[in-house]
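Chemist: Chains as they are written, first to last, in my numbering: chain A, 1 to 379; chain B, 1 to 379.
I should point out that these hints are in silico values taken from the structure, not numbers from a laboratory. Check each hint, because a few of them may be wrong.
Put simply, identical chains are the same to the list, so a pair is met inside one copy or across any two.
The calculated lysine to aspartate or glutamate pairs, modelled on EDC-like cross-linking and capped at a C-alpha distance of 16 Å, are [claimed, not checked]:
1) K349 with E322
2) K202 with D171
3) K336 with D47
4) K229 with E31
5) K241 with D200
Here the structure is a predicted model, which means the values were calculated and not measured.
There are 2 protein chains.
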Amino acid sequence: MECQDYGLTRNTERDNLNLNPLQRGGMLPQEAKKALLEYADGYSVCDYCAGRLDQIPTPSITGFLEDLAQFINVDEVRTTHGARESKFAVMHALCEPGDTIIVDGNAHYTTHLAAERNGIKMIEVPNNEHPEYAITPESYKETLENAIDNKIDLKLALLTHVDGNYGNLTDAKKIGEIAHKAGIPIILNCAYSMGRLPIDAKELNMDFVVGSGHKSLAASGPIGVLGMKEEYVDTILRHSKRHGVKEVEMLGCTSRGAPIATLMASLPHVKDRVKHWDEEVRKTINFVRQMEEIEGVKQVGKRPKEHDLTRFETPIFDKIAENHTRRGFFLYEELKKRNIVGIKRGQTKWFKCSVYGFSEEQVNYIANSFKEIVDKYME
Amino acid sequence: MECQDYGLTRNTERDNLNLNPLQRGGMLPQEAKKALLEYADGYSVCDYCAGRLDQIPTPSITGFLEDLAQFINVDEVRTTHGARESKFAVMHALCEPGDTIIVDGNAHYTTHLAAERNGIKMIEVPNNEHPEYAITPESYKETLENAIDNKIDLKLALLTHVDGNYGNLTDAKKIGEIAHKAGIPIILNCAYSMGRLPIDAKELNMDFVVGSGHKSLAASGPIGVLGMKEEYVDTILRHSKRHGVKEVEMLGCTSRGAPIATLMASLPHVKDRVKHWDEEVRKTINFVRQMEEIEGVKQVGKRPKEHDLTRFETPIFDKIAENHTRRGFFLYEELKKRNIVGIKRGQTKWFKCSVYGFSEEQVNYIANSFKEIVDKYME
């Protein structure tokens with residue numbers, strides 16, 4: 001029995017301007033592609049392992065983790081398989097089934113899944129709804145205090161640094177302080193921030209920060225980051241009773257292969273690019289300004305933008321779709337003709353996109369392409 | 001602050017004959033290296049995701065999982081981050097903390113870690129000790145029946161198909177039958193077998209089979225396989241209450257990136273190579289015969305070999321080390337001069353190795369190199 005053809009090429013997404021926010025921060029620089037081929041084979045990083053991934057000297061995973069810890073200002077750091085696996089590990093180590101935690105109402109679905117897999121209940125901090133959908137420190141404080149008033153023993157707090165629906169940057173520093181005043185350890189989910197903008201876990205009053213290599217650290221998936229304060233190291237990284245050197249929550253070792261080689265190779269690039277975050281934000285604000293010149297197009301979420309992930313309400317494209325022979329697919333198809341991809345096929349009422357990493361010229365070209373498509377159908 | 005130099009090259013292990021059993025089955029064929037570069041970037045396989053990794057049509061993860069399920073004869077299959085993560089997921093779904101399971105005494109440390117992370121107790125089936133270290137169906141049956149006699153409610157059984165210390169192939173079919181007669185679901189850990197030799201989960205009376213892409217399926221790490229019978233699908237792959245489409249034990253999605261692309265690209269190669277397993281075994285038996293021509297060298301574990309992973313007792317190398325200026329390092333260094341790597345530095349009393357995938361000529365060259373080294377020092 002022959003294998004099917006799996007269509008293992010990705011030209012469309014690699015060769016065109018890809019606006020999918022999920023794909024903008026995980027693109028590999030040249031040096032990471034080189035590392036990927038060096039470490040392509042199976043257990044490639046394990047040649048010189050003496051029992052612990054984080055202590056491998058060749059390639060220097062030890063040296064890398066020191067640099068990474070310093071980069072995000074945590075006492076200890078490990079790689080995991082992704083931000084979700086980092087969140088699961090912290091919840092698993094700190095909570096029992098039936099416990100309750102507090103999370104923001106814009107949390108990623110994987111936060112909910114990590115809690116559900118652990119049998120943990122969640123109390124949610126509501127956002128302030130349309131059009132901002134913001135999580136405010138005041139609302140976080142109120143929800144947290146209500147829970148305490150209701151004698152709920154909160155074991156953990158979680159805040160999404162930048163959410164994946166609106167690209168709202170939260171005030172981690174204030175919310176971290178609120179959690180600490182209540183004596184509750186807090187995780188910051190930095191899947192959309194670590195590697196894009198500077199993260200200083202201690203400055204942000206965070207006990208844990210989790211990041212995503214494939215989302216925002218220019219690494220091949222799947223790989224995540226889990227940074228923590230010294231006081232939690234013994235709990236989160238507790239050693240096996242039987243295999244003393246092995247860390248139980250890591251199942252011994254986590255990212256044993258190619259993705260960690262790319263994360264390592266990309267760190268110098270990432271350390272450099274976060275210094276230019278203000279330019280990325282300016283580019284996004286400029287993009288929003290141009291997009292909003294189109295009739296009825298409106299950026300939702302906090303204004304002005306503080307992150308590249310942007311959500312637009314686009315009733316005009318929905319209107320065009322009504323009368324178009326290709327219905328909702330017309331937008332995807334018109335964009336693709338212009339070498340732009342990454343807006344979901346069929347979506348016209350609203351969409352999320354990002355111009356992270358594009359040049360000013362590319363940003364202008366993208367905005368003009370949207371305008372051109374409107375002009376084509378609305379004149 | 002500059003990043004350290006992580007030494008991200010792997011020439012030594014890529015350009016020489018690598019005897020490390022961990023590295024033999026994870027080497028990528030050309031087509032997988034191509035896929036690795038196509039899917040190098042971050043969340044590369046997620047361009048056309050509608051919410052579930054296993055249902056992605058482009059590349060056809062759906063088609064791949066169908067082929068994979070057929071290849072190992074299971075009703076349903078998922079990719080995970082590795083064999084250990086597959087075992088953890090099954091234990092997590094089927095057991096509560098405090099439960100007891102039965103495992104073979106040659107189980108990999110990750111089986112112990114998966115149980116420990118789940119708060120599960122283990123009863124262990126002893127092997128028959130030196131020199132075979134074999135796990136027999138009789139001993140499995142006896143341990144299992146003793147546990148039942150002692151009113152221990154065994155929730156799960158686990159058998160290591162081929163262990164990582166002696167390369168002993170166990171009689172999965174008989175032990176599967178023993179577990180089933182006792183009404184206990186059983187997992188077969190195929191980390192060292194799936195992708196090297198043919199696996200037919202139903203023929204082997206297994207409810208679950210777990211595999212390792214990086215260890216034996218010619219894939220970049222980390223990626224694992226979790227195959228299961230229909231009757232366990234609803235439990236192991238239960239859906240989230242809040243995010244109906246997402247599978248809780250998978251935390252939504254698992255291998256979102258480059259490793260799954262390599263696993264997919266390698267499947268035709270792997271399907272073909274398992275057909276030649278008998279040749280690999282013959283090569284190993286020939287290698288053992290040549291190695292045992294060296295004074296005092298003795299293969300331990302079951303005889304004749306039924307798997308490429310081979311453990312030798314090598315007192316002669318230990319004796320040479322005693323008087324050598326480089327002590328135990330001499331063997332590693334002498335082998336490296338002959339373009340052979342993969343025996344741990346400093347090890348001389350015994351070692352594990354594998355000639356999987358080498359040509360007859362290479363096998364002879366390797367055996368002759370060991371002889372040459374002995375001759376150099378013992379004449």
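Chemist: Each hint: holds or not?
Modeler: Checked hints:
Taking CA atoms no more than 16 Å apart as the test, K349 paired with E322 passes inside one copy only; the shortest distance there is 11 Å, against 77 Å between copies. For the homomeric pair K202 and D171, the shortest alpha-carbon distance inside one copy (14 Å) is at most 16 Å, but the shortest distance between copies (54 Å) is not. In this assembly of identical chains, K336 and D47 lie within 16 Å of each other by CA distance solely across copies; the values are 14 Å between and 44 Å within a copy. For the homomeric pair K229 and E31, neither the shortest alpha-carbon distance inside one copy (31 Å) nor that between copies (43 Å) is at most 16 Å.
Proximity of K241 to D200 under the C-alpha cut-off of 16 Å is found in neither arrangement, the shortest distances being 34 Å within a copy and 35 Å between copies.
Of the numbered hints listed earlier, those contradicted by the structure are 4 and 5.
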